[in-house]
Structure formats: C-alpha cells, structure tokens
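From first to last, the protein sequence lines are chains A and B.
Be aware that the first sequence starts at 1, since it is given in the working numbering, and climbs by one per residue.
Be aware that the second sequence starts at 1001, since it is given in the working numbering, and climbs by one per residue.
Simulated from the structure, these hints should not be mistaken for laboratory data.
Some clues are possibly wrong.
[Unchecked claim] Derived DSS-like pairs: lysine-lysine, alpha-carbon spacing no greater than 25 Å straight-line:
| hint | chain 1 | residue 1 | chain 2 | residue 2 |
| --- | --- | --- | --- | --- |
| 1 | B | LYS1062 | A | LYS725 |
| 2 | A | LYS725 | B | LYS1051 |
| 3 | B | LYS1051 | A | LYS618 |
| 4 | A | LYS44 | A | LYS55 |
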Amino acid sequence: MLTAVISGFIFALLIPIILGRLKSISTLWVALLPLTLFIYFLSKIPEILAGNPIKTSYQWVPSLGINLDFYLDGLSLLFVLLISGVGTLVFVYTSAYLKGHHYLDRFYAYLSLFMASMLGLVLSDNIYTLFLFWELTSISSFFLIGFNNDKEDSRKSALTALAITGFGGLFLLAAMVGLGQITDAYQISAMAPMADAIKDHSLYGWVLFFLFIAAFTKSAQFPFHFWLPGAMKAPTPVSTYLHSATMVKAGVYLLARFTPVLGNHEWWNGTLIIVGALTMVYAAIHALFRIDLKGILAYSTISALGILVFLIGLGSPDALLAASIFILVHALYKATLFLVTGIIDHETGTRDVTQLGGLNKVMLPVGIAAMLAAISNAGIPPSFGFVGKDLIYEATLGMGDLAWLLTCLAILTNVALLVAGFVAGIKPFLGKLPEKFKNVHLPAPSMYVPPLILAGLGILFGLFPGVLEGGLIKPAVSSLTGARPDFHLQLWHGFNLIFLLSLITIGSGTILYFLLKPSESLLKKVTAFDRFSPQSLIMGISRGFALAGKGWTGFFQNGYLRYYLITILGFLSLLLAYRLFIGVDLLINTDVMTEVTFYEAVVLLVMAVAILFTVFSKSRLAAVASLGVVGYSFCLIFLFYSAPDLAMTQFSIDTLTVILFVLVLYNLPKYLKLSDTRVRIRDGLLSLIFGALISILALEVMSESLSKETTEYYAENAYLLGKGKNVVNVILVDFRGFDTMVEITVLAIAAIGVFGLLKLHLRSTEKE
Amino acid sequence: MELLLVIIIGLLYAAGIYMMLRRSLVKLIIGLILLGNGANLLIFLLGKIVKGEPPIIGPNEKMLGEIYADPVPQALILTAIVISFGLQAFAIILIKRAYKVVKTDDLDEMYATDEDL
C-alpha cells in the first residue's frame, strides 16, 4: 500500500522531466497511473468484504509515534476508489482540455501530487501522517487553484483557499495532539475501543472543537464556505477533482472516520446537525441566484457537503448509510456537471447560463451526460440519486421529535439543489441555439467520454443498486457504525411516505425551475447582502491583521538607527530599573575602596570635563581634540592602577584615532545641529538614566565576591609554562595566542578595507 | 576612588549613547568610541583595581606575589582597544567615502541604497 501512495509523489517528480522530452505525443497515457491504482484497489474488495481490513505499517519516526501506518477498511475503500476512479477520468479529460498548454507537465505534476496526498490521507491510520497528508492536499490545492498564475484573481483565490484550509490544518494538528494525549495511542484504529473513556475525558470538548474547525474549513462549511466559490478560478479538471469529488470531502471523511471514536455524543451530534443544516440551506439558496455555471455548481457542492455533515451529525445507522451513498451519488453527478461545464466553457467561451441554450443540437453526447447527471441530482427514478434521496428522508424521518423539522430542511435543500442542477445540466442544452454558437462543435472523445461514463454509472447504480451494496456500501457503513449492517438497497420501495416526499421535492423543484429565471439583475440584488456575509467579515479581520502587522512593523522597523537604539535602551532601562527596584539593597563599603589622591582626582575631573566638552562642543575639531583628552586621561588611570601595557596601547591607539579623524575632517560638511531642543532633552534624559543604571549595576557587582581561579592559574603558570614575566603579554601571545592571531587578522581586514576605500576611484555614476 | 570611577563610567555611557542618538555620522562614531571606553573602564573596575602592583613577575621570582593587579581583565581590555581601533578606522574612512558620494553626513538623508540615488 505504501507503493500505491508513494507512486503518485514519485510520478509528480518525474512527469515534468518526461513530458519535457515528449512534447508532441498525446498525454493520454498519464491516466495509466490512476487507472492502475483504481484496479489495484478494486482487487482488494474481496478481502475487505470478508471483514478483514488491510493494515500495513512502516516505521518512520518511531520515537515520536510517527509511522506510516496504512489502514484499508470499507470507508477508506469507498474513498480510494472515488479518488483513483474520478482521477482516471479527470486525467483523461485533462489531456484534451489543456492540450498543448505550456505548463501541462506542471499541471499533471500537481494533480498527481494531490492524488497521492489524498490517497495517503484516507489510508492513514496514524494521526500525525493523517495531518501531514491533510496539509499536502491543501498545498497541492493551492498550486492548482493558482495554476493560471498570471491572473490576479487566481492568485488571490489560491491564497484565500490556502489561508482557510491551512488555518484548519493547524486545528487538525491540535485535535490530533489532544487525542494522542487522551488515548496515548497514535493509531485511529486503536482508539475506537476507547471511545467511552475519550468522551469522559476533560479534553474531549477541545478535541471536538479543533476537529470541527479542521473539518469545516476543509469541507467548506458555514462560515468558512467562501473559499470554495473562489477556488473555481482553477481550471475545470481541478474543480471537478478537488473541489467537488474528493478534496472537499476530506472534512467529511475526517468526521466519518472519527464517528466511531468521538461520535454519539450530544455535542458531536448537535454541532454537526446545526452547522450542516445551516450550510446546506444557505448554500442551496445561494446556488439559485448564480448565473455562472461554475458558481452554481460551487454553491450546490457546498450545500451537498452540508448534507453530508448533517447526516453524519444525525448519527443513526440510517443516516450513516445515507451519507455513504450520498458521497458516491454526489461525486458521480457533480463531477459530470463540472466536466460538462468545462466542455461548454472550452467550446463556447462562456459559462453564463443566461446566454447558453440549445447546445444539444451541436454536442448531443455532452447534453446526454449533463441531463443524466441532472436527473440523478434531482433524485428522479431510476437514477442513483433517487436511492440516495430516499435514504436521506428515511434518516431524517427516523429522528423522533425533530423528525419533521429536519425533514423539511432536507426537502427545502433538495428542492433548491434540484433547480440548481437543472439550471446547470439542462438549461444550456435545451431551447433555441443562439446564433453565435452555431459553429460550436463536439470536442475530442477524451473530453466527453469521461462525463458520459460518470453519468451512466449514476443511472446504472440506480437501476441495480445491488451491484454496489455488497462490495462497497456495506463495508463502508460497517466501518462507520462498527456493527454488521443489515439493510437492502433497492430502487422501488412501494408507495409510502418517503416516495411521497420525493414526489413533492421533484414537483415543487420543477415548478420553481420554470418560475425562477436567473439573471444578472437578480444576482446583483443578492450580492448586495454580501456585506453581511461571513466572507466579508473574515476578510475584514484578515485585512485588520495585515494592517496591524504593517503598523507594528512600521513602528518598530522604521529604518532609523536612533529609534532602534531608543527602543532597545529604553526597554533595557525599564528591565534594569525594575530588577534593581525589587531586589537590590546597595551596600557601599567605602572601607575596602582605595584612597583618592589629589592627582587622581584632577585626572578624573579633566576627563569629566573633556567628556562634556566632546558632547556639547559646537566645533568638530574641538570635539575630536577633547576625545583625545579623554583617551589620554584613560592612559593615566591605567598607569595609576598597575596596567602599563594598557596605558601604552591606549596612548598609541588614541593618537592614531585623533590623527585619522583630523585627516578626514577637513572635507566634511559643517558640524550641523540637526535636532531641536525637545529631542535633545529626550535623548539626554534616556542617556542619563541608562548611564545611572550602569553605575548602580557596577556598584552592585563590585559588592559581590569575585572568583579568582583563572587569574591565579595565569599568575602561577605564566613563567613556568609560558616563560614570560609580563603576565598580560603571556596571556595574549601564549595562552590565548590563537585569539590574538585572529585579532590580527581582523585588523588586517580592516586595514585592507581602509586602503580600498581610500584608493578606490569613484566611478562617474557615483560622482554625480 | 572606585566611587568616582563608577560615576565616570556612567558619564561615559550616557555621553556615548547621547552622541549615538544624534543624526550626524561623525557624532555617531564619537559616541561609539566613548561607549567603548566606558565598557573598558567597567571591565577594568570590576576586576578590582590595585595600585602600583602591575602583573609582572619580579626578576628573581617564578610567579606573582601576594598582591597584584588582575591580568585577565587587562588582557581583555587590550584586545578590545585594538579591535575597536580597527572598527573606528574603518568607520572614519567610510564616513569620508560616503560623504564623497552622497554629500551628506546626515543619517536621515542616507535612506536609500545606491541604486536609488
């Protein structure tokens, strides 16, 4: 199974290289990879059916519990078949849709990267690899949405999608860490037996919250739904594959996967029912007013995801069965409609439903596919959608007190979805063919065969639901409920309440379809409410963040050295002042200090005056001269206090510095006073405070006892080991000889720099 | 004496920082030199100052006597003085050079890289 997952990643690496070499050949063969995977997973059905989930494990980071554990049970099987099956058709479709596109190789690379990540996600048993693959799907989705990276819209939508799903990814990590904390296990399959203990744990609420945010962002649930319509900027194969059939269902998968572990708790059921119901109704109504085909499909996809979350929230075996069926139903008809939309867009150049019509006359096979999909979407018998819709009503009706409310919400959603499906699948193909589309022709078979296959399956499964029941649906439901399912799928249940509800849905939907004419003016009225939508709210928040970040950075990183210094020193002063304020009692013991002699006092006085003169002098020459005086006073202090080497060094260095300064001075501008009094007072205060704090600190340190170990070592060994009598010199050239060598190197580099700066002639451009 | 030196250290720090907060490049360098001197003196002082006993081993002895000035801070300061000279020399020449090119030593006017000039 590792090979199956890894192959996509390897393929993604290789394909740009291979396609770069084979520019002229049709890229149809690329679809062989998903096809192989599809067949491989099909071959696993008998094993799963026998009730033996396949488990494999590869050690990766065992010490952290991160291992490549893969687990193929009924639920995973449903998803991997969807991923590889729809994947095959999308790969085929792409070979014609993007034929000759400059970056086709890149596109295939992203697509197989996505496929591999998605397979990894639904096969992962380890909570950390689950997170890893989850993030990889977000990232590949980002690349695919932004595939047309020369368009600003695409880039923006890609970023929005990445921000929302990436944000959710962090919450997933938090949820997984929480689960790991509670159970001390890293395998999801090992957690199900601990379900009761988990629900009693104090972290349960947090884990639920994090998990829900992750699932809701990925599966575009209210209020995070808005990234999905934006994601429709991606090329149509991507919308088909990622944003209707597979990736957006990852959130649903996550919820389904954790149903046996975390489900069946009032928080779990309540939240999912409310959020799911809200999303499905909100998005279905939105879908009615769109005129862009992809917009309609995007909102109806959000609504369908809402239905799935809602069903998982209901949590009864009926509801979980309905959810498993609806995942498949939806993938089949929605992928078809997306592929058809792609064909319409490709051939006519527009996706505006108000302009389209009568395309049956020029592309009948496409029309057939679209209409079959619309029928399945509407739940008209004998389609698979009819089976799915029946099960949804059965699930809502079985909910006791709330049954009628929930059923009404489901009917409302289904009516709106039916209309949206008709608008997208039937309206463009019936009626009068506009003059300008007379020359439109049927695309290559590799474009219209995939939607035909998908739509055909949608009818076939409806006619013979038994085909799926044993092989796919029963294992999926049993991995959700943990019990052996006991049901029998069939198209015809007889005349009962559920059938009546279906009839009501179809009837009122059809009437609404004829009454409601989507138009631009209507869309405008609806979009007027966008100001109150979660999208503008969240976008507003993110803009606020960006502005705050900009303000913050602009305030601290303003590019002025002195403000950096003020910030650093001001903060340091506060810190020091606080520390000195709370925990220090100054002990100034004058007894241990050395006496002040007259000439020392004079030197210090001279030094103080020279410092002040340096600061306040109006002439640069005077300032530099008094700087020299400060330096010479230093020499004297070093001399008084037993440091002849330092005195000599200071003397020569100081002389050199002053000479250098004076040499350079004469061609500098006048010594300007650039700041006003207020600024100078502010700076003066800060400097004085800092200086005072340093003084206090020095006093404080002096009262501490000193460890003289190092000093004693040098004092004893300077002559014995270093054969020198001047200890300072011995330290520098012998004990720390290498340091000194490096120091000399530094000086040499500085000398080269100085020489270079002096000798280098200005280029004419620099002279101005 | 230590008390007076402590005051001088504070003064050097204050003067150095004040000069570094000015807009002129020359003042910035002067501030840097003053600050460096202050730091040197601080190290010197914290190693305990001793009068008239340089860390030099007498002609007939093999190690330092009972009382001697601490050679370790001295070695440190010596290194610091020399290194800071390297820095100062380079900075001073850099000011000269920068002034030749952009005709200013006001830091606020040096806001762009040379491409934008």
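Checked hints:
1. LYS1062(B) x LYS725(A): Distance of about 8 Å is within 25 Å: holds.
2. LYS725(A) x LYS1051(B): 19 Å, holds
3. LYS1051(B) x LYS618(A): This hinted pair is violated, its Cα atoms lying about 38 Å apart.
4. LYS44(A) x LYS55(A): Holds, at about 12 Å.
In this structure, the one hint that does not hold is number 3.
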